[in-house]
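So the protein lines, in turn, are chains G and X.
The first sequence begins at 767 in my numbering and counts up one residue at a time.
The second sequence begins at 4 in my numbering and counts up one residue at a time.
Just so you know, these hints were derived from the structure itself, not from any lab.
As the structure is a prediction and not an experimental result, all values here were calculated from the model.
Glycine included, each C-beta is placed from N, C-alpha and C at the ideal position.
Incorrect hints may appear among the rest.
[As the list claims (entries may be wrong)] Cross-link-like lysine-lysine pairs, in silico, DSBU-like; alpha carbons within 35 angstroms at most: (1) Lys1019(G) - Lys689(X); (2) Lys689(X) - Lys1131(G); (3) Lys1188(G) - Lys689(X); (4) Lys664(X) - Lys1111(G); (5) Lys1111(G) - Lys532(X); (6) Lys776(G) - Lys803(G); (7) Lys776(G) - Lys1146(G); (8) Lys532(X) - Lys1149(G); (9) Lys1146(G) - Lys737(X); (10) Lys1188(G) - Lys727(X); (11) Lys839(G) - Lys689(X); (12) Lys1146(G) - Lys250(X); (13) Lys662(X) - Lys804(G); (14) Lys1131(G) - Lys13(X); (15) Lys1012(G) - Lys662(X); (16) Lys198(X) - Lys793(G); (17) Lys727(X) - Lys804(G); (18) Lys803(G) - Lys662(X); (19) Lys664(X) - Lys1012(G).
[Unchecked claim] Covered stretches of chain X (in silico footprint by chain G; criterion: 3 or more residues with CB under 8 angstroms from a CB of chain G, positions within the stretch not fixed): (20) 383–392; (21) 549–556; (22) 568–579; (23) 610–621.
[Claimed, not checked] Partial list, derived from the structure: chain X residues whose beta carbon lies under 8 angstroms from chain G: (24) Ala211; (25) Glu337; (26) Asn338; (27) Val368; (28) Glu370; (29) Pro374; (30) Val451; (31) Val585; (32) Thr586; (33) Ile587; (34) Asp658; (35) Thr661; (36) Lys664; (37) Thr671; (38) Met736; (39) Ala738.
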Amino acid sequence: MEDKEEVLLKVEHLCQYFKMGAGRELKAVDDVSFEIKKGEVFGLVGESGCGKTTTGRSIIKLYDITGGSVYFKDQRICAGTRSYKQAIAQARREYRAEVARLKQKCKEELSSAEDPQSVQAEYARLKEEAAARCAEIVAYNRKEKASAVHDQKYCDRDHARRVTDGLKEEREKALAACATDEERKAVMKDYATRLRIASRERIVNRIQMIFQDPIASLNPRMTVRDIIAEGLVIHGIKDKEYIDEKVYGILEKVGLVREHAGRYPHEFSGGQRQRIGIARAVIMEPDLIIADEPVSALDVSIQAQVINLLNDLRAELGITVLFIAHDLSVIKYFSDRIGVMYFGKMVELAPADELFDHPLHPYTKSLLSAIPLPDPQYEKQRKRITYNPLAEHDYSVEQPSMREIRPGHFIYCNSVEFDRYKAELGIE
Amino acid sequence: MAASGITQEKEVKLEVNNLRISFRTSNGKVQAVRDISFKLYKGETLAIVGESGSGKSVTTRAMLGILANNAIKEGGEIIYDGQDLMKISEEEFHRIRGDKIAMIFQDPLSSLNPIMRVGRQMTEAMLIKGKLSQREARKNFNTTLKRLNLAMNAARGNDAENTAKCRAFNKFECRHLALENAYNRAHEAATDALKGIDDLLFEIEKNAANTLVADVRVICRQSMTAIERYVVHDRAEELKGKVAALKKLAREPIAEIGKRIILPLFRKQVKKFEFDGEAISAALKEIREILAEAVAFEKPNFFALGYYLTFSGQPLPELSVAETNAELLKYLDENFMLDFIALAKEGLVYSHNVSTEKKKAALEVFERLKPVFSGSEIDRHDAYAAAKELISAVEAGIDRLEIVKDNSAYTFATSLRSAIEQYFGGIERNKKEETRYARQTAAYERKVARGKQPDYKVADKKLVDLGEAAEDILSVIVRVEEDFRRQIDRSGSVNFDERTVAMVDWLKQQASDVAYKVTHNMAKTRALKLLEEVGIPEPRKRYRQYPFEFSGGMRQRIVIAIALSANPDILICDEPTTALDVTIQAQILELINRVNQERQLSVIFITHDLGVVANMADRVAVMYAGKIVEIGTADDVFYSPAHPYTWALLSSMPDLDTKEKLEAIPGTPPNMIYPPKGDAFAERNKYALKIDFEEQPPMFRISDTHYAATWLLHPNAPKIEPPKSVTERIARMKARMTQEAGSAEKPDAPEKAGTAEADAVQPKARKPRKKPAKKTQKPEEQ
């Protein structure tokens, strides 16, 4: 957690729409932006169907996103084209409207003008100007779109090329430093393996995912060793002994023992299966782990084991985590910053303590008021706040947007509400 | 319904005694439930907490008779409504499942039919069960009235008059129900319409009335249904006019918003219209005013009204509702009710006295026949003869006019027969088992002698412990004997007035069940209402969808709606909210809590989320490795937990103030094929004593409501405090309570806390559990 300022993952205006047939679309994630800094745990909460899992899956490129972009380590890994397409269509529509207006104007002037030639010339000039403006916008957006398509498709290839280029340069230097042919050969051989592995490197592999259901996410016909090592094998590592050593090391790190490597998933309890899932993610030494409700399918006692394990791994390996969950007590305990989602929109984003001490958005308040605590007397008195977007907000005048109310505390509102929230916090 | 007259304590709905269940697997016998006993009272919520594999689901599945095929019912009984659920047949279970005991399962998808629309699935059971319960209620009503009649005859002897009275009761009861049903339907429609109007007005105000036409249609229909003699009567014509005007408004849009919706096949254009919101709002407000006035009217006493209309032959007096009620009630009491109640009371007294006499006779039979079963060897012929005599004596001793059937006499016949069967069947099976074992061992040894190494083992002998079986037989008899003794002792103090009222109430209840006919339309309305109650938006659209079109949380809500639709007596919830998020979870818990209070439903709630338990439970049972390790009221278990496992559970769960590392329970639950000899939790317990590994702790009594099975409670045990995280958390909770109670913002808070505490203590007074007293005296070995 040392280098807090470095941004590891940046999500900008992420949109993920699904086709529902008959020309309708489901806006699963709609214009969501956030940043995850290196070493922190970012929590995503919201009710089921609000798009938190979709956000996670879009980041790791399990879906092709509709609009917006995702930057990982300053490189764009996901990019959608919807906004560019819309911009082009908009420009063309405006152009057509402009032409129609000009035509009308020209007709009027022609009827009364003495010099029809000059009017028509003027008309032609204005039309051309509009066309040029339109063409400029279209060209710009086309270029952007092409670059987005390229990034979406070839970001891994570009990344691999960069890495191999770097390695080749290094090799040249090493070769230059060599004196004898024998040494050269050894260097060449050493670099050949590394190059082969590097050529398969994908930037998305630096992000790994832990799934909710440990039973469904493990192949029942593979041994634990195969499951954990699969990533390495795909990555091009052929050294059996190296793989085995690595698997054993990881197994011990997640609290299992070497002997478990030869067994099958069904021989394990729920908590142990989830540990296997975590081991599979961690073995690739990722920078970012997307944990999609890793504990909600587990018993309380085992939940605690898994949360402790994730905490230890985080301290040990310095992994950044995007933690998706609906259990607010767990997310409060585990996360540094929390984003609250409601129907595909991010409605509030704040550091964990700030969010729980000063919830501002009515949805966050209703969410917080619904947490059950192990305290019968308190539970008997707890009043749940219900959230009805129709009654709470009036967006007929002004559309809402993300605004920063305190450093690090963002809220989705319009200016009227912004002032109200400010008054609530007691700041001017 | 008034509380039962015989027992002053709370009514027991369900009783589990010494339940033991195992599963046959290829590796051996897994002991899932090991000797647990508890009681479920009427209207309470019992939460069962524990890890997966601790036997909580198995226990509840046994209640519904849906154990897996490889389950072995080793012993014990589950008594519900005078039946032992461990022994009744599949056919008899059909009446209980869903109808009386409903269950909400963990996995919603597997409990819904994938090729049937959700609405159909919801109404199907309602329609079928509606007919069934009608039939059953009629049977109950008729037989009980007949029995009452016979008891009256025996008590007073004036047969013809008694029979006439009973007939009259039957006759005007029918009239009463017809009137009341009509009233209820109209009244309900009026309240629904009011709610609908409020919602629609809000939507119009916010400019979001997307389903205006459909909503107006529903409101109009409901308003028309509300026109009835005792609901909207004087202003009926006015209401009709208003409704017609409203309908007209909804038919005439003022403008067209040309929004196209293209349907895939026909490319059809659907026009969207705008309506005159203000005019409709005004019309709605007028209707609301009429309905609100009508709903506020006092409800007439239909019971008296029914009698008056049936027998007086005169028109109703023109008086206000309150006056009419008083007048009619007086008329009813003078002419019929007082006599009837007096008669019924005599009948009940007579029947009770007879049964007490029979019970005394039965006790003599017990004395005489007990030696048959207590010898070292039981004679087969004698045993069966004695059993026959005992059963007939006990059956004679049952007072059939008691409404609450929670005594063990009802299950005596089946229990005794099966216990005897167990003993004598065991003798034969033991013989067979011995010969099999001898034969197989001989074969095995022959192979070994020939120098081969057989790749199998001879299975162990599975012998029935005859001593235990004999003890079981005796215990069945002794339990009934004790029950009878207790009832005879108490027979002098029975309040017959209360019991008579209860009887009349019960008859009325049965009669109303007979009259309650479920039609297709009603089922649909109820299904839609339930869908709305469980928080599903656009219920009308969702009603026609298939299960796969719903998200996980919604499916779970449908399943809950289906379970609630049957109006069950006991609701078993097997981790219903584990897969749901907090807001929906809160909604569903509120729903279950509300239904629990409204219908006096008893709920068994299985979960491992302690927050949910704190919200729901009146009492909590903590299970570990097939045993109940701690049981008590929610306050007992959360504020003064006694068992190390409860401590571990509490400390392994983060709450909003937790900052330090969580204390996870190390290791895994024990293998139940070879259950540990001592305390099952000892292996994972850092506070384990030496004796924990050697002997199982008995249930120690902490208070009248609070019991825990740990040696730490033994007087000789060292004093061990709960772990720091638990004590800190309890201190924090107490601090929060006092802080909230003291804060000026909530003036009613302290009072509330006080009543909550009083509530928690008062209704949960229960009689102490029987516990193996001999073991508590064991000295401690440290």
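Hint check:
1. Lys1019(G) - Lys689(X): holds (24 angstroms)
2. Lys689(X) - Lys1131(G): The hint is violated at about 40 angstroms.
3. Lys1188(G) - Lys689(X): violated (51 angstroms)
4. Lys664(X) - Lys1111(G): With a Cα-Cα distance of about 33 angstroms, the restraint between Lys664(X) and Lys1111(G) holds, given a limit of 35 angstroms.
5. Lys1111(G) - Lys532(X): holds (30 angstroms)
6. Lys776(G) - Lys803(G): Holds - the C-alpha atoms of Lys803(G) and Lys776(G) are around 9 angstroms apart, at most 35 angstroms.
7. Lys776(G) - Lys1146(G): Answer violated: Lys776(G) to Lys1146(G) is near 42 angstroms, above 35 angstroms.
8. Lys532(X) - Lys1149(G): holds (23 angstroms)
9. Lys1146(G) - Lys737(X): Satisfied, since the Cα-Cα distance of roughly 14 angstroms is no more than 35 angstroms.
10. Lys1188(G) - Lys727(X): violated (40 angstroms)
11. Lys839(G) - Lys689(X): Distance of about 46 angstroms is beyond 35 angstroms: violated.
12. Lys1146(G) - Lys250(X): violated (45 angstroms)
13. Lys662(X) - Lys804(G): Answer holds: Lys662(X) to Lys804(G) is near 21 angstroms, not above 35 angstroms.
14. Lys1131(G) - Lys13(X): Violated: Lys1131(G) and Lys13(X) sit about 40 angstroms apart, past 35 angstroms.
15. Lys1012(G) - Lys662(X): Within the cut-off at roughly 33 angstroms; holds.
16. Lys198(X) - Lys793(G): Cα-Cα ~31 angstroms, so holds.
17. Lys727(X) - Lys804(G): holds (34 angstroms)
18. Lys803(G) - Lys662(X): holds (21 angstroms)
19. Lys664(X) - Lys1012(G): Satisfied, since the Cα-Cα distance of roughly 28 angstroms is no more than 35 angstroms.
20. 383–392: n = 0 at 8 angstroms, threshold three: violated.
21. 549–556: That given contact holds, which follows from 3 residues of the segment 549–556 of chain X lying within Cβ reach (below 8 angstroms) of chain G.
22. 568–579: violated (count 0)
23. 610–621: With 9 residues in contact (Cβ-Cβ under 8 angstroms with chain G), the coverage given for the segment 610–621 of chain X holds.
24. Ala211: Constraint on Ala211(X) satisfied, holds at 6 angstroms.
25. Glu337: violated (47 angstroms)
26. Asn338: Where the cut-off is 8 angstroms and the nearest Cβ of chain G is about 48 angstroms from Asn338(X), the hint is violated.
27. Val368: violated (48 angstroms)
28. Glu370: This interface hint is violated because 48 angstroms lies over the 8 angstroms limit.
29. Pro374: Given a least distance of 51 angstroms, the restraint on Pro374(X) is violated.
30. Val451: violated (32 angstroms)
31. Val585: holds (4 angstroms)
32. Thr586: holds (5 angstroms)
33. Ile587: Since the shortest Cβ distance to chain G is 6 angstroms, the answer is holds.
34. Asp658: Asp658(X) check passes; min Cβ-Cβ to chain G is 5 angstroms, inside 8 angstroms.
35. Thr661: Result: holds, 5 angstroms to nearest chain G Cβ.
36. Lys664: Where the cut-off is 8 angstroms and the nearest Cβ of chain G is about 6 angstroms from Lys664(X), the hint holds.
37. Thr671: holds (6 angstroms)
38. Met736: holds (4 angstroms)
39. Ala738: violated (11 angstroms)
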